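Those sequence lines, one after another, are chains G and X.
Numbering-wise (my numbering), the first sequence opens with residue 190 and increments by one.
Numbering-wise (my numbering), the second sequence opens with residue 190 and increments by one.
Since the hints were made in silico from the structure, they are not lab data.
Only a predicted model underlies this, so the values are computations on that prediction, with no experimental measurement involved.
You may find that some hints are simply not true.
[Stated by the list, open to error] Computed cross-link-like contacts, BS3-like style, restricted to lysine-lysine with a CA-CA straight-line distance of at most 30 Å:
{"#": "1", "chain 1": "G", "residue 1": "LYS296", "chain 2": "X", "residue 2": "LYS391"}
{"#": "2", "chain 1": "G", "residue 1": "LYS284", "chain 2": "X", "residue 2": "LYS405"}
{"#": "3", "chain 1": "X", "residue 1": "LYS241", "chain 2": "X", "residue 2": "LYS296"}
{"#": "4", "chain 1": "X", "residue 1": "LYS296", "chain 2": "G", "residue 2": "LYS284"}
{"#": "5", "chain 1": "X", "residue 1": "LYS203", "chain 2": "X", "residue 2": "LYS241"}
{"#": "6", "chain 1": "X", "residue 1": "LYS241", "chain 2": "X", "residue 2": "LYS405"}
{"#": "7", "chain 1": "G", "residue 1": "LYS296", "chain 2": "G", "residue 2": "LYS210"}
{"#": "8", "chain 1": "X", "residue 1": "LYS296", "chain 2": "G", "residue 2": "LYS405"}
{"#": "9", "chain 1": "X", "residue 1": "LYS405", "chain 2": "G", "residue 2": "LYS241"}
{"#": "10", "chain 1": "G", "residue 1": "LYS210", "chain 2": "G", "residue 2": "LYS405"}
{"#": "11", "chain 1": "G", "residue 1": "LYS218", "chain 2": "G", "residue 2": "LYS203"}
{"#": "12", "chain 1": "G", "residue 1": "LYS241", "chain 2": "G", "residue 2": "LYS296"}
{"#": "13", "chain 1": "X", "residue 1": "LYS284", "chain 2": "G", "residue 2": "LYS284"}
{"#": "14", "chain 1": "G", "residue 1": "LYS241", "chain 2": "G", "residue 2": "LYS210"}
{"#": "15", "chain 1": "X", "residue 1": "LYS210", "chain 2": "X", "residue 2": "LYS241"}
{"#": "16", "chain 1": "X", "residue 1": "LYS218", "chain 2": "X", "residue 2": "LYS391"}
{"#": "17", "chain 1": "X", "residue 1": "LYS296", "chain 2": "X", "residue 2": "LYS391"}
{"#": "18", "chain 1": "X", "residue 1": "LYS241", "chain 2": "G", "residue 2": "LYS405"}
{"#": "19", "chain 1": "X", "residue 1": "LYS405", "chain 2": "X", "residue 2": "LYS395"}
{"#": "20", "chain 1": "G", "residue 1": "LYS220", "chain 2": "G", "residue 2": "LYS395"}
[Claimed, not checked] Heads up, incomplete: computed chain X residues facing chain G, CB under 8 Å, no partners named:
{"#": "21", "residue": "TYR287"}
{"#": "22", "residue": "THR360"}
{"#": "23", "residue": "PHE371"}
{"#": "24", "residue": "ARG404"}
Note that the Cβ used here is the ideal one computed from N, Cα and C, for glycine as well.
There are 2 protein chains.
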Amino acid sequence: MRLLIVSTSSIHGKPYLSYLKEEVSSFFKGKNILFIPYARPGGITWDEYTEKATERFTEWGYTMRGIHTFENHTEALNWAEGVFTGGGNTFVLVKTLYDLGVMADLKSAVEDGLPYMGSSAGSNLTGLTVRTTNDMPIVYPPSFDALGLVPFNINPHYLDPDPSSTHMGETRETRINEFHHFNEQPVVGLREGSWLRREGDKLELKGELTARLFRKGVAAIERAPGDWSDLL
Amino acid sequence: MRLLIVSTSSIHGKPYLSYLKEEVSSFFKGKNILFIPYARPGGITWDEYTEKATERFTEWGYTMRGIHTFENHTEALNWAEGVFTGGGNTFVLVKTLYDLGVMADLKSAVEDGLPYMGSSAGSNLTGLTVRTTNDMPIVYPPSFDALGLVPFNINPHYLDPDPSSTHMGETRETRINEFHHFNEQPVVGLREGSWLRREGDKLELKGELTARLFRKGVAAIERAPGDWSDLL
Numbered sequence: 190m191r192l193l194i195v196s197t198s199s200i201h202g203k204p205y206l207s208y209l210k211e212e213v214s215s216f217f218k219g220k221n222i223l224f225i226p227y228a229r230p231g232g233i234t235w236d237e238y239t240e241k242a243t244e245r246f247t248e249w250g251y252t253m254r255g256i257h258t259f260e261n262h263t264e265a266l267n268w269a270e271g272v273f274t275g276g277g278n279t280f281v282l283v284k285t286l287y288d289l290g291v292m293a294d295l296k297s298a299v300e301d302g303l304p305y306m307g308s309s310a311g312s313n314l315t316g317l318t319v320r321t322t323n324d325m326p327i328v329y330p331p332s333f334d335a336l337g338l339v340p341f342n343i344n345p346h347y348l349d350p351d352p353s354s355t356h357m358g359e360t361r362e363t364r365i366n367e368f369h370h371f372n373e374q375p376v377v378g379l380r381e382g383s384w385l386r387r388e389g390d391k392l393e394l395k396g397e398l399t400a401r402l403f404r405k406g407v408a409a410i411e412r413a414p415g416d417w418s419d420l421l
Numbered sequence: 190m191r192l193l194i195v196s197t198s199s200i201h202g203k204p205y206l207s208y209l210k211e212e213v214s215s216f217f218k219g220k221n222i223l224f225i226p227y228a229r230p231g232g233i234t235w236d237e238y239t240e241k242a243t244e245r246f247t248e249w250g251y252t253m254r255g256i257h258t259f260e261n262h263t264e265a266l267n268w269a270e271g272v273f274t275g276g277g278n279t280f281v282l283v284k285t286l287y288d289l290g291v292m293a294d295l296k297s298a299v300e301d302g303l304p305y306m307g308s309s310a311g312s313n314l315t316g317l318t319v320r321t322t323n324d325m326p327i328v329y330p331p332s333f334d335a336l337g338l339v340p341f342n343i344n345p346h347y348l349d350p351d352p353s354s355t356h357m358g359e360t361r362e363t364r365i366n367e368f369h370h371f372n373e374q375p376v377v378g379l380r381e382g383s384w385l386r387r388e389g390d391k392l393e394l395k396g397e398l399t400a401r402l403f404r405k406g407v408a409a410i411e412r413a414p415g416d417w418s419d420l421l
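Chain G extracted, bound-state conformation:
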């Protein structure tokens, strides 16, 4: 299985996806990249979102098409030599994938070797469930189960507590600790600028930052970029 699990599509002050150019070039070896626009950031349409991603991927020498432009998703998955699921609202993404019957077939295709890249909501999708998303539950999906391409959950856009804050809302760490009162799997808190790359049995944390690993019943720890294959 080949995965690129990216915390955020954009780094502050840089154009959309631009900081990932080299990584994407070494990850997607075929030209035909399928875009899944269902997370609809800011409520933009599937067409508008596909256009935005296509602009960048075309610049990088790929041919990109939105999954909704095919007769059906089977045709789309047959055409694709890689898949990219963009960020936005995780609940909208998951509900749409279930409602259109795409979830199981997408999972099979990636398990059979189709390279999968996700950012933000698209990264939540690679985990066991989307129960560690930061998003607002603006629609009700038929399940919180995700693709389960890794045996843990992702928390993208991971944020450290702000010691100067007077806000009483829960910190991210508190929320993930609450998750572990009801769920067993580890959670990887991926900061903006970090990503995980899976190549078969090998898992690597990339970017310049550490990531935060939460396991049930033990204190969270920081782990450096490099080999994280023990999580698989």
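Knowing the structure of chain G, use the given hints to seat chain X on it.
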């Protein structure tokens, strides 16, 4: 119907609920207050959470009992002269209320005149749905429908965008605007230190701060404390 819809149970630097002493005293006229501890902040037990709330309410001269200490919830609602639902995780709260069959009976009791106070997750519960919660979806409830005691949704702990932030996660306003791509009802963004009080057909914003009113298709506006009855 009588409601007290509070953004947060604690203001930074002040003891639990203390800033609400006068408001609560004028709101709950009977002595027997039922506590609903199901939101379990930080994963604490029903008993621990009930103990925390009971300490404050006892100090204020009330008799408090947790809903889980009764033979069944019918007996609990019959005993109660007021209900307080504490904050924590909205998904855990809603799932528990549905799983235990409490939701419909609680709604009927409040509609029949039982005074209801909620803070944070307990305030989300008064809206039409919990689709504007800030919480992490750590469990999967059978529905996102809430008590529907007001014809809008609540967003507690409302936070203004931080202009100095370089974080790429969505602002609260962006999230609520995304909500309006898929939902019709207004959303009241209640800042910490604000609360709504409903007395029959009268709705009032209380505290010292403005609140932010989001309606589908129009720009959000700030509205001052005072009469908000037009929202009912």
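Given the hinted pair LYS220 (chain G) and LYS395 (chain G), is their Cα-Cα distance within 30 Å? 23 Å, holds
LYS210 (chain G) paired with LYS405 (chain G) [C-alpha distance capped at 30 Å]: Violated. LYS210 (chain G) to LYS405 (chain G) sits at ~35 Å, over the 30 Å cutoff.
Is the shortest C-beta separation between THR360 (chain X) and chain G less than 8 Å? 11 Å, violated
Within 30 Å, alpha carbon to alpha carbon, are LYS241 (chain X) and LYS405 (chain G)? 25 Å, holds
Quickly compare the C-alpha distance for LYS405 (chain X) and LYS241 (chain G) to 30 Å and report which way the hint goes. Holds, because 25 Å separates the two Cα atoms, which is no more than 30 Å.
Given the hinted pair LYS296 (chain G) and LYS391 (chain X), is their alpha-carbon gap at most 30 Å? 52 Å, violated
Pairwise hint evaluation, LYS203 (chain G) against LYS218 (chain G), where the allowed Cα distance is 30 Å at most: Distance of about 25 Å is within 30 Å: holds.
Would you check the hint for LYS284 (chain G) and LYS405 (chain X), treating anything up to 30 Å between C-alpha atoms as holding? 21 Å, holds
Sort out whether LYS284 (chain G) lies within 30 Å of LYS284 (chain X), counting only the CA atoms. 19 Å, holds
Satisfaction of hint between LYS395 (chain X) and LYS405 (chain X), Cα-Cα up to 30 Å: Satisfied, since the Cα-Cα distance of roughly 24 Å is no more than 30 Å.
Just to be careful, I want the Cα atoms of LYS296 (chain X) and LYS284 (chain G) compared with a cutoff of 30 Å; is the pair within it? The given pair, whose Cα atoms are some 28 Å apart, holds under the 30 Å limit.
CA of LYS296 (chain X) to CA of LYS391 (chain X), is that 30 Å or under? 19 Å, holds
The structure shown violates the earlier hints numbered 1, 6, 8, 10, 21, 22, 24.
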